[in-house]
Structures are given as C-alpha cells and as structure tokens.
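Given next are the chains, with one letter for each unit.
There are 4 protein chains.
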Amino acid sequence: MQKIFDFFTQNNEFGKNIGVKLIEVKYGYAKVQMQVKKFHLNLAGVCHGGAIFTLADYAFAVASNSFGKVSLGINANISYINAAKEGDILIAEAKLVDESNRLGTYEIKVTDNNKVIALLNGTVYKTTKNFEELKNDLQ
Amino acid sequence: MQKIFDFFTQNNEFGKNIGVKLIEVKYGYAKVQMQVKKFHLNLAGVCHGGAIFTLADYAFAVASNSFGKVSLGINANISYINAAKEGDILIAEAKLVDESNRLGTYEIKVTDNNKVIALLNGTVYKTTKNFEELKNDLQ
Amino acid sequence: MQKIFDFFTQNNEFGKNIGVKLIEVKYGYAKVQMQVKKFHLNLAGVCHGGAIFTLADYAFAVASNSFGKVSLGINANISYINAAKEGDILIAEAKLVDESNRLGTYEIKVTDNNKVIALLNGTVYKTTKNFEELKNDLQ
Amino acid sequence: MQKIFDFFTQNNEFGKNIGVKLIEVKYGYAKVQMQVKKFHLNLAGVCHGGAIFTLADYAFAVASNSFGKVSLGINANISYINAAKEGDILIAEAKLVDESNRLGTYEIKVTDNNKVIALLNGTVYKTTKNFEELKNDLQ
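Residue numbers (this note's numbering), protein chains in the order written: chain A, 42 to 180; chain B, 42 to 180; chain C, 42 to 180; chain D, 42 to 180.
Some clues are possibly wrong.
Since the list gives no way to pick one copy over another, a pair counts as held whenever it fits inside one copy or between any two copies.
What the hints assert, rightly or not - In silico SDA-like cross-links for lysine to any residue, where the CA-CA straight-line distance does not exceed 20 Å:
{"id": "1", "residue 1": "K126", "residue 2": "Y70"}
{"id": "2", "residue 1": "K78", "residue 2": "G60"}
{"id": "3", "residue 1": "K126", "residue 2": "D139"}
{"id": "4", "residue 1": "K150", "residue 2": "G128"}
{"id": "5", "residue 1": "K150", "residue 2": "N123"}
{"id": "6", "residue 1": "K126", "residue 2": "T168"}
{"id": "7", "residue 1": "K156", "residue 2": "S141"}
{"id": "8", "residue 1": "K62", "residue 2": "G86"}
{"id": "9", "residue 1": "K150", "residue 2": "D47"}
{"id": "10", "residue 1": "K170", "residue 2": "G86"}
{"id": "11", "residue 1": "K57", "residue 2": "E148"}
{"id": "12", "residue 1": "K67", "residue 2": "G86"}
{"id": "13", "residue 1": "K167", "residue 2": "G86"}
{"id": "14", "residue 1": "K150", "residue 2": "V138"}
{"id": "15", "residue 1": "K79", "residue 2": "T152"}
{"id": "16", "residue 1": "K62", "residue 2": "N155"}
{"id": "17", "residue 1": "K72", "residue 2": "V157"}
{"id": "18", "residue 1": "K170", "residue 2": "N123"}
{"id": "19", "residue 1": "K170", "residue 2": "R143"}
{"id": "20", "residue 1": "K136", "residue 2": "K156"}
{"id": "21", "residue 1": "K62", "residue 2": "Q74"}
{"id": "22", "residue 1": "K78", "residue 2": "F46"}
{"id": "23", "residue 1": "K57", "residue 2": "F46"}
By construction, these hints were calculated from the structure, which means they are not laboratory data.
Treat the numbers as computed from the prediction; the structure is a model and nothing was measured.
Could you build the full structure based on these sequences and the hints that come with them?
In structure tokens form, the structure reads like this:
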C-alpha cells in the first residue's frame with residue numbers, strides 16, 4: 042500500500058493546500074488529519090463547514106480510490122454535530138460500508154480527541170479506469 | 042445591504058483563502074463566484090468536491106446569515122452532477138426555501154455558464170445572537 | 042405517454058396501498074397526490090415522515106423511470122419544512138435536474154396548497170434494462 | 042421503559058399500517074422489524090424505497106423520542122445499498138450519535154440477516170414538549 046499512500050500524498054493539490062495530511066490507507070479505508078488554523082475559520086470564528094467537509098471528503102476520496110480504479114463521488118451528506126476551534130487536531134476516518142458492481146457507500150467520521158465533530162455519508166460511482174485514463178477523458 | 046456585504050467580505054478567512062468572491066447578498070439570498078485554479082484540483086485533475094462544496098456552503102452561509110442573527114449549518118447534502126475544470130468560473134446561488142422560528146432550509150445551485158455542476162440542500166438552526174455574541178460563546 | 046401512465050398506475054403495490062395517486066407523467070417529470078388520512082398519522086398526530094417520503098419517492102420513481110429503462114434510487118435526502126395534517130391534500134412534483142450516461146439527479150417538492158411541506162433530492166443509477174428484465178435479475 | 046414501549050406500540054397509525062413492529066427501546070435507541078410482503082413491492086418487484094425508509098424512520102422516531110420530550114425530524118438522508126425482497130425480515134436499529142441542547146443526530150441501519158439494506162442519517166429538533174402538548178400546538 043506504500044505506493045498508493047505516496048500517490049495520494051503527492052497528487053491532491055486542494056487537500057495539500059487546505060492542510061490535510063494522509064495518515065493511513067487500506068483497502069476501503071483511509072485516515073486523514075488536519076489542524077484547525079486561522080486559515081480555516083468562518084464568520085463565527087470557528088472552523089468553516091467547508092473545511093470540515095473537505096477533510097471528510099478527502100478521507101472519502103482516498104478510501105474509495107484505494108482499490109486502484111477511479112471512484113467518482115456522486116453524493117455526500119454531512120451533519121455538523123459539534124464546532125471545531127482553532128488549534129483542534131481533527132481526524133477523519135472513512136470506511137466502506139457496502140458496495141455493488143458500480144456503486145459504493147462510505148461512512149466518514151470526523152473527531153477531535155474522540156468528540157464527534159461531523160458525520161458524512163458518501164456514495165461513489167465506480168469507473169473501470171485508472172487515474173491516467175480518467176484524466177484524458179475529463180480534459 | 043452594503044454593510045452586510047462588507048461584513049461578509051471581510052470576515053471569512055477560509056472563503057477568502059479558497060478564492061471565493063461574494064457577488065451579491067439580499068435577505069435570504071447570496072451569489073458567490075470562484076474560478077477553478079490548479080489550487081483546487083483533485084486526484085483526477087478536476088475541481089475537488091470539497092472546493093465545490095465550500096463555494097456552495099459559502100453562499101449558503103451568507104444567505105442564511107443575511108438577516109443579522111447567526112444561523113448555524115446543521116446539515117448539508119450535495120449531489121455532484123458535472124465535473125468542473127481548471128479555468129471554469131463557477132457561480133453558486135443560495136436561496137431560502139422556507140423557514141420556521143428556529144430552522145431554515147436553503148437550496149444552493151452551482152453552475153458553470155448555466156451548466157449545473159452541483160446541487161446542495163442545507164438546513165440551519167437560527168440562533169438569537171449576532172456574531173460578536175456567538176464568538177464569545179463558542180470560544 | 043398514456044401507456045406509461047397506465048403502467049405506473051397498475052404496478053406499484055406500495056404506492057397504491059399508501060393512497061398515492063398518479064396525476065401526470067412526462068419524460069423526466071411526475072406529479073402525484075395523496076390525501077392525509079388517519080392512516081398516515083404519527084405519534085404527534087400529524088402526517089408521518091415516512092408517508093411524506095413515500096409520496097415524494099413515488100413521484101421520484103415515476104419521473105426517473107419515465108424513459109422506459111429502469112432507474113434505481115441510490116440516495117435520497119429529505120428536509121421536512123412544515124407539518125402536514127389530517128385532511129391535507131399533498132402534491133409531489135418530481136423534476137429531472139440533470140443526468141449523465143449512468144446517473145440522474147431529481148428534485149421533488151411536496152406542497153399543500155402551495156405551502157412547502159418537504160423537499161427531497163434523489164439520485165438514480167440508470168440501468169439499461171426494462172422492468173421485466175430487471176425483475177428476472179432481482180429475483 | 043415498558044411504558045414507553047407500550048406508548049410507541051399503540052400510537053403510531055402509519056407504522057402499524059405498514060407492518061412495522063417495535064422490538065426494543067432504550068434511551069436513544071430503538072430496534073424495529075418488518076417483513077417484506079406483496080404490500081411493500083415497487084415497480085421492479087422488490088421492496089419499495091418508501092417502505093424501507095418508513096421502517097428506518099420509525100426506529101429513528103422512537104429512539105429520538107425515547108427521552109419523553111418530543112423530537113421532530115428535520116432532515117433524513119438514506120442510501121440504498123442492497124435490494125430487499127418479498128419474505129425478507131428487515132431489522133432497523135437506530136442509535137443516537139450525538140446531541141446538543143436543541144439538536145440530535147441518529148444513525149439507522151437497516152439489515153436483512155446482517156446484510157446491509159440501507160443506511161439512514163437523521164437530525165431532530167428537540168422540543169421541550171410532551172406529545173399531548175405538541176398535539177394541541179400542531180392542530
């Protein structure tokens with residue numbers, strides 16, 4: 042899995058720019074981390090929902106792409122449960138719940154020191170292509 | 042509304058850092074814009090779902106806070122419909138659908154030149170506080 | 042479309058049993074109706090969320106299957122906006138928002154006399170089979 | 042909890058009419074059961090999404106109302122993972138994930154003999170009223 046880990050670490054511009062760090066990847070599983078900085082704050086001075094979503098979504102993307110073929114996110118539902126503050130170190134863990142030939146469903150939990158910050162449920166459409174093939178298609 | 046417009050423009054660290062620009066705000070309505078740059082790309086070389094979510098969520102936040110009291114996002118559901126590419130200028134428009142004393146529901150549409158990129162539905166819990174009061178509570 | 046209308050009217054056991062009536066069907070569109078009866082009430086004496094969901098879901102199913110090939114619902118997100126009471130005549134309208142080769146996204150609005158009761162967003166996976174072929178596969 | 046169990050068993054018209062049976066209730070938890078019959082079938086001859094939703098929603102309602110004060114469902118997101126067929130005995134288990142003063146978030150899993158059929162995530166708004174008081178307000 043080291044190769045997969047390296048691939049995900051090196052190829053996600055947006056995740057890197059937001060400060061998301063990949064911790065672990067297994068088939069159908071990913072764990073990522075982000076420390077809340079001034080950069081991530083919203084109007085109320087707490088971590089922006091979009092930043093929490095991006096952290097969860099990053100874990101979701103890595104987990105759902107851990108099998109080597111590209112999975113495209115088609116739907117995600119997030120519930121915000123507790124606020125996250127500057128300095129908090131947030132962890133997002135994504136797990137495959139179940140899948141069929143074409144679709145996969147994942148649950149992603151965002152926590153701060155075991156306090157639940159948000160829950161995301163996501164569905165992917167599983168393509169039969171790898172990333173290089175897909176890039177050519179999409180562009 | 043100029044004062045509200047200025048407030049939202051000056052006080053959202055994360056939105057600014059992501060490249061989201063506020064275009065218009067009315068009661069229960071907001072329009073924002075973001076150009077997709079290399080910064081926003083994901084593993085497949087198209088705009089990251091988290092960046093699209095953040096754009097939509099920013100419009101949602103401004104629209105739901107346009108009445109002067111703080112509204113907290115409690116749930117958001119996003120459906121990704123078409124991919125957005127580097128160079129695209131994305132627009133997100135948020136509209137209040139309906140509200141009760143305590144809750145409000147918004148629809149946010151993200152488009153690129155009238156092509157639908159994503160749809161987000163969001164629910165807020167309406168507090169009775171302004172931003173300064175809330176900051177003191179949350180921190 | 043009369044043939045399609047008849048097909049949907051005659052073949053949905055659950056919809057019929059719940060009291061859902063098909064009003065109109067066009068490509069990518071359906072309108073259905075249900076009067077709230079004692080049958081549909083929940084613990085609080087108003088229309089059960091499951092009954093409102095079923096009404097919306099029925100419109101969603103007809104609209105997404107109006108093209109002749111089977112579409113399978115993979116995700117639905119419902120926001121409850123106002124309560125519906127015994128005697129109310131609820132209308133659900135489903136509209137196709139956008140689609141790709143394999144996926145379609147629909148918005149369904151449930152109203153009582155123009156008051157919004159609930160909003161549902163749904164995603165389908167479009168198979169290449171008709172109903173008879175699918176029945177054989179699933180059973 | 043016997044009193045609460047009896048209350049929920051006797052007062053939900055729609056659940057009873059659909060064939061949902063309450064198995065167990067604890068604070069923030071409920072387990073319910075429904076056997077898929079011809080009554081529940083959809084156009085494709087498998088269990089209607091609305092029936093699966095109603096089963097999950099019933100567990101959600103009981104769990105979120107197990108504390109004695111009324112909780113109102115404001116949002117629910119369901120992902121359909123596997124089809125359920127006539128004869129299947131479906132179980133739905135609802136668990137409180139986390140809550141604040143005013144809001145609660147629940148996860149509901151629908152299974153058939155340990156195979157996941159659907160996942161529902163739901164958010165409630167917690168009122169300070171009991172059912173009798175609420176009925177008077179709503180009607």
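Status of each hint after checking the structure:
{"no.": "1", "hint": "K126 - Y70", "verdict": "neither (26 Å within a copy, 27 Å between copies)"}
{"no.": "2", "hint": "K78 - G60", "verdict": "both (9 Å within a copy, 17 Å between copies)"}
{"no.": "3", "hint": "K126 - D139", "verdict": "between (33 Å within a copy, 18 Å between copies)"}
{"no.": "4", "hint": "K150 - G128", "verdict": "within (19 Å within a copy, 33 Å between copies)"}
{"no.": "5", "hint": "K150 - N123", "verdict": "within (12 Å within a copy, 23 Å between copies)"}
{"no.": "6", "hint": "K126 - T168", "verdict": "between (37 Å within a copy, 19 Å between copies)"}
{"no.": "7", "hint": "K156 - S141", "verdict": "between (32 Å within a copy, 12 Å between copies)"}
{"no.": "8", "hint": "K62 - G86", "verdict": "between (23 Å within a copy, 19 Å between copies)"}
{"no.": "9", "hint": "K150 - D47", "verdict": "neither (23 Å within a copy, 34 Å between copies)"}
{"no.": "10", "hint": "K170 - G86", "verdict": "between (42 Å within a copy, 14 Å between copies)"}
{"no.": "11", "hint": "K57 - E148", "verdict": "neither (22 Å within a copy, 29 Å between copies)"}
{"no.": "12", "hint": "K67 - G86", "verdict": "neither (35 Å within a copy, 23 Å between copies)"}
{"no.": "13", "hint": "K167 - G86", "verdict": "between (38 Å within a copy, 17 Å between copies)"}
{"no.": "14", "hint": "K150 - V138", "verdict": "both (13 Å within a copy, 11 Å between copies)"}
{"no.": "15", "hint": "K79 - T152", "verdict": "within (19 Å within a copy, 29 Å between copies)"}
{"no.": "16", "hint": "K62 - N155", "verdict": "within (18 Å within a copy, 34 Å between copies)"}
{"no.": "17", "hint": "K72 - V157", "verdict": "within (15 Å within a copy, 23 Å between copies)"}
{"no.": "18", "hint": "K170 - N123", "verdict": "between (38 Å within a copy, 18 Å between copies)"}
{"no.": "19", "hint": "K170 - R143", "verdict": "both (12 Å within a copy, 15 Å between copies)"}
{"no.": "20", "hint": "K136 - K156", "verdict": "both (18 Å within a copy, 16 Å between copies)"}
{"no.": "21", "hint": "K62 - Q74", "verdict": "within (5 Å within a copy, 27 Å between copies)"}
{"no.": "22", "hint": "K78 - F46", "verdict": "neither (25 Å within a copy, 24 Å between copies)"}
{"no.": "23", "hint": "K57 - F46", "verdict": "within (14 Å within a copy, 30 Å between copies)"}
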